[in-house]
Amino acid sequence: MVQIIISSKAGEGPAEWLLVELQGEMVSRQNTGLAGNLMGDLHYTKEFGLNMETDKMLKTLLYLFTYGKFLICPLSKGVPVLIVGHHILYGKQVKLEKPFAVLMKHSGLPQNEDDAMETNQENPTFYTVSALIKKKLIFKTRPKPIITNVPKKV
Amino acid sequence: MDEYDEMYGIEDDFEQQFADELEVMAEMEREHPTSAKVSEFRKKSISQTFEEAIVSGDVPLRKSVNNHCPESISPPVVEEEESLTPKPKKRRQDVAKKLQFENGDDITPPSSPEVYDRPARDWPGFSLSLSPDRPEATKITANVLDISGLATLQESPKRDSAARRHVQKRPPAIGDYITVTDSMGNRVYLNKKEDEEKVPDPRAFRNSLNGLGLLAVPIEVLKEQIAERRHRQVMEESQRLTELMNSGIDSELLAEEQADSGVDGDSGEDEGSSSRLWVDQFSPQHYTDLLSDDFTNRCLLKWLKLWDTVVFGRERKPRSAPADVRPNFTNAQNQNQSQRFKTKSQMTEEILEAELDQYKRPKFKVALLSGPPGLGKTTLAHIIAKHAGYNVVEINASDDRSAELFQKRIDTATQMKSVLGANEKPNCLIIDEIDGAPAAAINILLATLNRKDSKEGEESGANALKKKKKKQSVLLRPIICICNDLYVPALRPLRQQAFLLAFPQTVPSRLAQRLAEITRRQGMKADTGTLMALCEKTDNDIRSCINTLQFLHSRGQKHLDQRSVNSVSVGLKDQNKGLFSVWQEIFQLPRLKRKRIGGDPFGGFNEAGPKDGAQRLQHILHLVSSNGEHEKLTQGLYDNFLSMKLKDPGMLGVCTGLDWLCFSDLLNECVLHGQNYSLMRYFPFLPAAFHHLYAANSVPRINYPHSHYEAFTKTQHTKNALVAMLNDIPPAIQNRISMSGLCLDIISLLLELISPKLRPVNPQLYSTREKQQLYDLIDTMINYNLTYRQDRTPEGQYTYVLEPNVEDVVHFPGLPPRRQLTYQVKQLIARETELERMRRMEKAKQKQNPQKTEAVNKDQEKKTEVKKQTSRNHQQRLENIVKQTVVESRPELDFFGRAIVPKEKPVVTTTSEDGKGGGVVHIGKAVGNSDVWFRFNEGVSNAVRRNVYIRELL
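As given, the protein sequences belong to chains L and F, one line each in that order. So that you can map any letter, position 101 of the first sequence is 100 in numbering that gives the first Met the number 0, and since no number is skipped, the others follow by simple counting. So that you can map any letter, position 353 of the second sequence is 352 in numbering that gives the first Met the number 0, and since no number is skipped, the others follow by simple counting.
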């Protein structure tokens, strides 16, 4: 039997994150990779409906740490709006049927790979729950271009 | 009892069948109530002197010809009898009575020389004695007509200077006689008498008439003698001339001719009248004289009689329904059959019985007579129209037949009426040779028929005044059209609206009999066999027969025999026999001819073998040369000769035939190449040879030759494909190949070459070897100017076919089709070929002007450099937009501007050129120039499944 131990920190409990699901992919413009780059702005509208007025208070900056992983911040109401580059995407907040847990792996292995087999048995790896994800923001509509002010003659 | 019924039935039927004719007869009698027609002329003769008659003898009108005519028209058997030959001038053509020998004793008038003194007294007596029997007599003759020509003698009453009777029931005690048996089985005896005693008669008689004989010889006689002498001189000269001209023709014939001219010294007398065609001279004047088919005559007459109601206002006599009589004598089965399938004649009868339309016109307003030339169509139309009481108006081929004139003539003929004439007869329009008329004219004729029809509907509702006005335009007169070819395209619309009457061939026996009468009247001698031969030769063409007779007569030939008829080529019409009949005659042996009555039985029989062959040869030669369409004829022979029943097992006949065809081909080539038309005379020998090789007794089944046309079109097709292929082949290759070489050697192999085995997958996936193969294939195809073209089959499927479709060129029918590439591969090849072609074109252009291309290349390089420097296109544009907009609308966009505020890390890495104004950069960062952008995946689920192993987790 394989046993994997998952533990959480005692006391405070794991933080709650949001999952952002995009239909499409994020592409780095200069082929420099996504890591460390500003991805875009996430806003919530105040009311339901596609109003461009956004609540600046709820504006969150999203930073991409690694490809596909987001650091998600506070919950709010209204329609989530994501602005990436010159695109604006409208999404919605959905409760996940099965919540996810974000685990941190603590490997018991020494870093050199020669004696991996031996050490395997001695120190089992364990995981700690760093966050729970119960909701996601899903952006599946076609992105709309932001055209700031169309001059009369281009 | 049954028999009796049947007899009765037949008689009834007969009454019905010939009702019209009987009616005609009755009318004829009504017209001349006091005496028979004959007597009219007799009466005239009282006031006319003989001199007048002589003078006007050349104009054979009724009045002049008939006043003294001791003509005796006897049956053809009697013709050899010299004594019966009438004096040439004393002919009478109009009045011909049908004589029955059983009545002979009654009919033969008590003739005597005094007849001229008291004709009025004599002739009524004759007519009286005749008239009671008349309907019966005609009935019988009409009945017999078709059975045998001998019985239907167009006899005129005979008279004799002697007081003796000509026709006797018993052999006369004194003098020579001839026995004659008619078709009824009655035998009568004809007296023979000498002709010579008659000659002085008229003159002496005239002397006595003249009374005052101041001269020893009457002046008329002197005049006549002078005229005769002069005439004879002229004739002798002309005869010498003809002899000179004919010297090359036939020595035998010539000798005969000379003998004839020697014997018949008085032939000159005839020539005065020879200026007139016999055809006109002997044309029938009455319905009963008509030679054409009785049924046709009757039908046309019936049709014309249908107009009586509207034209003359006479009511139509109701007829007893034929259905009542029939069941009596036809058995049930027969009746059923007749009900189910109507014969053509029944159909015609039905048409004639059909109801009149609202104008009391018959259903068909036009009668269309059709038949080969010379059968008497025009004559029939004229006579019947005249007979039915119409004034004949004829439009002929010689008239102008433009549309307007035609319209005018039709209108005049159908709507106007002669006012000046003594008897105002209504018009009957006869349009002769309508098949030669232009379509416009025929349309006008149709319009005349139809336009009125359409107006009828309006008319019924219109008021009386209008009605009267319009009624004038309604066609109320019969129109008879005559044509030779019923199936001329222009006549097609007319055919549907016309009462069609096809003229059958004249019965040869009747024609021969009529010819016999003519020859006898003209003082020629001919036996029935000869005349029958003549009939056959001319295909029973009455006109041609008579013309031939006249021709022979004018050459001075008094004795006609079979040989002369056969040797003369005049009788043959310059007729166009259809190609099919020509082929038929070539491939079919003529039926064995019955021996002619006149021909010597033994000599003819012995000669039959070789002579027959020679005759056949001559016949075919003539037939073919008159046809003229040599090429078509040859094709027909070529197409059909193999389907004939060949008897030789060694196929020698076929070889010979092919040799002949080759020969003919060579001839043709020679003629057409060198314009050496003298060789054309050898063309007819090919059909003649074929006739001798392949003619059989059975009726050949001949197909119209299509093979030449098919082969021709195929050749054209092939040539076109090859030319199209050759034209665009690059010159480097083109100069090595010729069309024949391409066709014979290259293409079949080429087609194999260009269908290699290629995997039906995306060419990107091909291995290098396969790519090379594909490239080679495309190279080949381009070099030989081939490609695939998408084509839609009739079934709606799409296929790719070779563009110049040279596949057909080398594909033989019947062989299995060669392996085809799949649709996908062909599509691929087609596309690649197109691309490659474009590439080559471009390359060629570049080669043509290398400097430009260099420049272009430089430009391209520059561009690429620029491209490398700048970011992508859409970005550039956006940047520009942002640059432009930012300057103007900076304050508005400040929310974006603010958004950019944390520009810590990434800004420096972006392009350096853009960083002019700080604000611009920021905003560009935010919207247009951000480091990360979003690519939307439309409709694609790129869900990634990844296997995770436990060991990775541990």
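For the record, the hints were derived by calculation from the structure and aren't laboratory data. From a predicted model like this one, the values you see are computed outputs, not experimental measurements. It is possible that part of the hints are untrue.
[Stated by the list, open to error] In silico negatives: residues of chain L with every beta carbon more than 12 Å from chain F:
| hint | residue |
| --- | --- |
| 1 | Gln2 |
| 2 | Lys135 |
| 3 | Arg141 |
[To be verified] Straight line, CA to CA, 20 Å or less: simulated EDC-like cross-link-like pairs of lysine to aspartate or glutamate:
| hint | chain 1 | residue 1 | chain 2 | residue 2 |
| --- | --- | --- | --- | --- |
| 4 | L | Lys94 | L | Glu15 |
| 5 | L | Lys91 | F | Asp410 |
| 6 | F | Lys646 | F | Asp727 |
| 7 | L | Lys143 | F | Glu937 |
| 8 | L | Lys133 | L | Glu20 |
| 9 | L | Lys94 | L | Glu11 |
| 10 | L | Lys143 | L | Glu15 |
| 11 | L | Lys139 | F | Glu937 |
| 12 | L | Lys104 | F | Glu584 |
| 13 | F | Lys770 | F | Glu831 |
| 14 | F | Lys424 | F | Asp410 |
No residue lacks a Cβ here, since even glycine has one placed at the ideal position from N, Cα and C.
Against the structure, the hints:
For L/Gln2, the shortest C-beta to C-beta distance to chain F comes to about 9 Å, within the 12 Å cut-off, and the non-interface label is violated. No beta-carbon of chain F is positioned within 12 Å of the beta-carbon of L/Lys135; the least distance is around 15 Å. A Cβ of chain F approaches the Cβ of L/Arg141 within 12 Å, the least distance being about 6 Å, so the stated non-interface status is violated. Proposed proximity of L/Lys94 and L/Glu15 is supported: the alpha carbons are some 13 Å apart, at most 20 Å.
Of the supplied pair hints, the one linking L/Lys91 and F/Asp410 is violated, its CA atoms being roughly 95 Å apart against a limit of 20 Å. At most 20 Å may separate the alpha-carbon atoms for a hinted pair to count; F/Lys646 and F/Asp727 exceed this at roughly 54 Å. About 13 Å separates the Cα atoms of L/Lys143 and F/Glu937, which keeps this hinted pair within 20 Å; it holds. A threshold of 20 Å between alpha carbons decides the hint, and for L/Lys133 with L/Glu20 the separation of about 13 Å falls inside it, so the pair holds.
About 23 Å separates the Cα atoms of L/Lys94 and L/Glu11, which puts this hinted pair outside 20 Å; it is violated. As the CA atoms of L/Lys143 and L/Glu15 are separated by approximately 30 Å, the hinted pair breaks the 20 Å bound. With a C-alpha separation of about 9 Å, the suggested pair L/Lys139 and F/Glu937 falls inside the 20 Å cut-off, and the hint holds. Restraint check: the Cα-Cα separation between L/Lys104 and F/Glu584 comes to about 112 Å, which exceeds 20 Å; the hinted pair is violated.
The hinted pair formed by F/Lys770 and F/Glu831 meets the criterion: a straight-line CA distance of about 11 Å does not exceed 20 Å. Of the pairs offered as hints, the one joining F/Lys424 and F/Asp410 holds, with about 16 Å between alpha carbons and a cut-off of 20 Å not exceeded.
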